[in-house]
Amino acid sequence: MGQPDTAPLDTAVFADSGAVTVAPVESLLAEDHKYDNGRAVDLSWVPSIDDQLVDSKALGYRVYRIVDGGEADSLADLPPFAAAFTDGSVERGHSYVYFVSALSPSGEFPSVHTAPVKPEREWINLSRGWLFLIMLFISAAVIFFVETARRGKKLFVRKIAGLEAIDDAVGRATEMGRPVLFIPGISDMDDVETLAALTILGRVSRTIADYDSKIFMPVSRSLVMTAARETLKASYQSAGRPDAYSDDMVNYVTDEQFGYVAAVDGLMAREKPATVFLLGAFFAESLILAETGNSVGAIQIAGTARPAQLPFFIAACDFTLIGEELFAASAYLSGEPRMLGSLKGQDVGKALAMIVILVGVVAMTMSEAWDVGVMENLRAWLVRVFSTS
Amino acid sequence: MPNLGVIISLLIIFGGLAWLLFRSLTGREVKRRVIFVFIFVAVAAPILFPITFEEHATPVVRDLFDRIETLPRGSRVLISFDYDPAMAPEVQPMANAISFHCLTRGHKVVCMCLWATGQTLLSNTINDVILPEFPNIIDGVDYVNIGYKAGNEGVLNVIVSDFKKMFPTDVNGVPLDSVPIFDEINSCADFDLIVALGGGRPGPKEWVLFVGDPADVPVGVGVAAVVAPQLYPYYPRQIIGILGGIKGAAEYESELAHRHEQFADMDKPGLNMMGPQTLAHITIMAFIVIGNIAFFTGRRRKDR
Amino acid sequence: MRRQIPLLITFVVGTLLIVSVFIPPFGELETTFNIWFDIIAVFAFFLGGGNLLRVHIDKLRKKKRDWPFSIVTIAGFVVMLAAGLFKINNPGDIASAVDAPGSLFSDIFNSVQYPLSATMYSLLAFFVASASYRAFRAKNREATLLLIAAFIILLGRTPFGVLVTSWVPDSTSLLQIPNMAIWIMNAPNLAGQRAIIIGIGLGVISMSLRLILGLERSYLGGEK
Chain A
1 MGQPDTAPLD
11 TAVFADSGAV
21 TVAPVESLLA
31 EDHKYDNGRA
41 VDLSWVPSID
51 DQLVDSKALG
61 YRVYRIVDGG
71 EADSLADLPP
81 FAAAFTDGSV
91 ERGHSYVYFV
101 SALSPSGEFP
111 SVHTAPVKPE
121 REWINLSRGW
131 LFLIMLFISA
141 AVIFFVETAR
151 RGKKLFVRKI
161 AGLEAIDDAV
171 GRATEMGRPV
181 LFIPGISDMD
191 DVETLAALTI
201 LGRVSRTIAD
211 YDSKIFMPVS
221 RSLVMTAARE
231 TLKASYQSAG
241 RPDAYSDDMV
251 NYVTDEQFGY
261 VAAVDGLMAR
271 EKPATVFLLG
281 AFFAESLILA
291 ETGNSVGAIQ
301 IAGTARPAQL
311 PFFIAACDFT
321 LIGEELFAAS
331 AYLSGEPRML
341 GSLKGQDVGK
351 ALAMIVILVG
361 VVAMTMSEAW
371 DVGVMENLRA
381 WLVRVFSTS
Chain B
1 MPNLGVIISL
11 LIIFGGLAWL
21 LFRSLTGREV
31 KRRVIFVFIF
41 VAVAAPILFP
51 ITFEEHATPV
61 VRDLFDRIET
71 LPRGSRVLIS
81 FDYDPAMAPE
91 VQPMANAISF
101 HCLTRGHKVV
111 CMCLWATGQT
121 LLSNTINDVI
131 LPEFPNIIDG
141 VDYVNIGYKA
151 GNEGVLNVIV
161 SDFKKMFPTD
171 VNGVPLDSVP
181 IFDEINSCAD
191 FDLIVALGGG
201 RPGPKEWVLF
211 VGDPADVPVG
221 VGVAAVVAPQ
231 LYPYYPRQII
241 GILGGIKGAA
251 EYESELAHRH
261 EQFADMDKPG
271 LNMMGPQTLA
281 HITIMAFIVI
291 GNIAFFTGRR
301 RKDR
Chain C
1 MRRQIPLLIT
11 FVVGTLLIVS
21 VFIPPFGELE
31 TTFNIWFDII
41 AVFAFFLGGG
51 NLLRVHIDKL
61 RKKKRDWPFS
71 IVTIAGFVVM
81 LAAGLFKINN
91 PGDIASAVDA
101 PGSLFSDIFN
111 SVQYPLSATM
121 YSLLAFFVAS
131 ASYRAFRAKN
141 REATLLLIAA
151 FIILLGRTPF
161 GVLVTSWVPD
171 STSLLQIPNM
181 AIWIMNAPNL
191 AGQRAIIIGI
201 GLGVISMSLR
211 LILGLERSYL
221 GGEK
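Residue numbers (our numbering), protein chains in the order written: chain A, 1 to 389; chain B, 1 to 304; chain C, 1 to 224.
Where hints are given, some of them may not hold.
[Said to hold, decoys possible] Heads up, simulated DSS-like pairs for lysine-lysine below, C-alpha to C-alpha not over 27 Å straight-line:
| hint | chain 1 | residue 1 | chain 2 | residue 2 |
| --- | --- | --- | --- | --- |
| 1 | A | Lys-233 | C | Lys-62 |
| 2 | A | Lys-233 | C | Lys-64 |
| 3 | C | Lys-87 | B | Lys-164 |
| 4 | A | Lys-34 | B | Lys-164 |
| 5 | A | Lys-118 | B | Lys-302 |
| 6 | A | Lys-272 | B | Lys-302 |
| 7 | C | Lys-87 | A | Lys-214 |
| 8 | A | Lys-34 | A | Lys-118 |
| 9 | B | Lys-31 | B | Lys-302 |
| 10 | B | Lys-165 | A | Lys-34 |
| 11 | A | Lys-159 | A | Lys-350 |
| 12 | C | Lys-62 | A | Lys-272 |
| 13 | A | Lys-159 | C | Lys-62 |
| 14 | B | Lys-31 | C | Lys-62 |
[Unchecked claim] Simulated restraints on C-beta separations:
| hint | chain 1 | residue 1 | chain 2 | residue 2 | range |
| --- | --- | --- | --- | --- | --- |
| 15 | A | Ala-244 | C | Asn-51 | 19 to 25 Å |
| 16 | A | Ile-355 | C | Arg-141 | 44 to 50 Å |
| 17 | A | Asp-190 | B | Lys-165 | 17 to 23 Å |
[What the hints assert, rightly or not] Calculated from the model, a selection of chain B residues having no Cβ within reach of chain C, i.e. all distances over 10 Å:
| hint | residue |
| --- | --- |
| 18 | Gly-106 |
| 19 | Gln-119 |
| 20 | Asp-177 |
| 21 | Lys-247 |
| 22 | Ala-257 |
| 23 | His-260 |
By construction, these hints were calculated from the structure, which means they are not laboratory data.
For clarity, every value in this text was computed on a predicted model and none was experimentally measured.
Heads up, the beta-carbon is just placed ideally off N, CA and C, and yes, glycines get one too.
Input sequences plus hints: build the corresponding full structure.
As structure tokens, then:
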């Protein structure tokens, strides 16, 4: 498939006499692009021997395509040293032949034609087979532990200080007669951190409703506002306090990052909340919010999956949920066995990662330091398995 | 030779810090507003009385510089302006320097943004650097501004395989099919280099995950300093070079000024801002020392 | 029904997107969904803008606390909207770029939005100092390590870091402050970042599975 034919071709078809001639490309190969929907063909070749770093005669390459035996059409111009091209505009059911011309100041010097290639659809992307197996393994572990927990088995989950402190923090707000401020980050509903923050809101707001505290929740996205209002309303209803709920508890401020920060800082300075929850996706504004909360004497519980912002929260807040603890929080707070089971499944994935890292480090060290062949093979295999492309 | 203003400012700052150090020996903590005053003076003084330092490009910066420097003339470079005015003081100098570098090397530059606020900042680079320094370049042939598209990673997922499906026209409404730069560009895979500027989301990480790695296109990044550490895991394979914060911008400008005379005569905001950054860092370090002394002496007094 | 339909949509879309990673013909589904989200994201702008106006007009009408500031908000909103929609002062016609040089939109952006945002961002300089003063105390072993690392990085990011250890011979160049700073970023920091990223990845998988399977529903409003 795609092998060059042996029929001789007129070279220098387009060149003038006495002109600069360049050797055409060699070993031109056209193959169906693997694991796609039959929409691409890959070309590869050896560049012209006249394509040099210094005093090069070749100006580049031009790719031509012939569809179903028709006319040759120019597809693309490529710079010097190009040795590959993917034609992403093919369709299934058609036959394609290619040739590549080396370009010189005097004209074009085409290569031999490739054999006809028909793009095909592959139904399964086998190059991602390992990724699929790993995904199945981790998902199966999560589901297994969910089912195990459902059947009544007690699962140990370590204490997370930030989550243990929530009840006390809300109680503090009630005693001091000051409100609770809940900030769900500045990302939209398509961010899983925002969803995690809203699921925690569902649990925390139940406590706030029980304790009869006040809550303010300025948000940066209108879709988050809508979802947060639904969550709060339902929490107040399930706490038996539907009359205490008001839509004004949640209000949209602005999408603009620092406009939102200015509004929240102003709210903190005026209302002086006793407790501040900073949960969700934060960016550069994290330290500004946390320091302002600290300056008004609030107890602060923060959590984000943005590694760049974690140091700021750790420095400025009383409790910080680090990365995965934010996603575990809703399961942890619910105490529901099925939710806790999903945390155990997550731990299986972590165990797998630790084992693979250890094996990989040993393999890499032994292959680099002592040139142990089998370790080099193991290292290369691990790279292949965990590569996503 | 530092001028009188610099000397007086340094005397005020270090004198004040010495006094606070003395107070800390008695266990007294420093009030927040005093810290703010010192930081204000430490940052303002070098701006009013400029002090600049020599910078040398570190390997993470030099790698990106060398890649742009050695790409063949006419290479296609995509620059994405994914930041807002808040990050502009750190990232805009990088944007200007990299755009200048690419055009000086004769590369074809496509400018776009995934942040709505990036559109104006992109225009600022074009108006402040590209047009004044390269009066003979042609819009559509040497560079093109295709503007902003909403959709975050959704945009990247489309342009990685079909660019014109997401960007049918440039920012002036000209169809990309009739823009000469796009004659050879159908997808992101047709670019020789992508430079992602910014630090938020979507930003450099998304460019690597959704475009650079799948399409096997080298990605260089210029980010705010706070974001740089989380990109080191991707260097040097998926990200070929990282400009982190003002220091990264200063290093790039310094390298560019050494290699290209035209840039040496231009304004270099990255290098100019290293003075305030240096003095601010020293002040913060002094406060950390003062804080620890106050903490330990205070604790010792309590124990007694 | 009100909760069943969103749960069904979540399940179907989530499953299809996972499948699309492994089955090439479904790969284009991902592109389609992303374009749909693009369209929804644009409509969200209307939702947010309308809500903002409603809240502040309500504040103005009822003369609630700090109502004069709502005038500023509404005025800014209306002026920028008009400037962008009607291309006021734009050199070209109504189809020209919204931020063309000389346009009202561009002028207001550069003279108001740009400096205000940069000012808010610059507050970080002050807050970094106050947070550092409070947080970097050698209370225990880990805090002391953090303190030392912070010192090296702070010094390494300035020319003084080069000066202070310039006398260190090249054979022990790792002891030069800038090189130590680079080593801290590339070794322990990198290891920690990678570990956190792996943990976050697994957390996202677990959370996403809970969402797709409908175990986690409190984001829809209330308990399941």
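We went through each hint and held it up to the structure:
no. : hint                               : verdict
1   : A:Lys-233 to C:Lys-62              : holds, 24 Å
2   : A:Lys-233 to C:Lys-64              : holds, 24 Å
3   : C:Lys-87 to B:Lys-164              : holds, 26 Å
4   : A:Lys-34 to B:Lys-164              : holds, 24 Å
5   : A:Lys-118 to B:Lys-302             : violated, 84 Å
6   : A:Lys-272 to B:Lys-302             : violated, 31 Å
7   : C:Lys-87 to A:Lys-214              : violated, 44 Å
8   : A:Lys-34 to A:Lys-118              : holds, 12 Å
9   : B:Lys-31 to B:Lys-302              : holds, 20 Å
10  : B:Lys-165 to A:Lys-34              : holds, 23 Å
11  : A:Lys-159 to A:Lys-350             : holds, 18 Å
12  : C:Lys-62 to A:Lys-272              : holds, 24 Å
13  : A:Lys-159 to C:Lys-62              : violated, 48 Å
14  : B:Lys-31 to C:Lys-62               : violated, 40 Å
15  : A:Ala-244 to C:Asn-51: 19 to 25 Å  : holds, 23 Å
16  : A:Ile-355 to C:Arg-141: 44 to 50 Å : violated, 29 Å
17  : A:Asp-190 to B:Lys-165: 17 to 23 Å : holds, 21 Å
18  : Gly-106                            : holds, 26 Å
19  : Gln-119                            : violated, 5 Å
20  : Asp-177                            : holds, 17 Å
21  : Lys-247                            : violated, 5 Å
22  : Ala-257                            : holds, 16 Å
23  : His-260                            : holds, 23 Å
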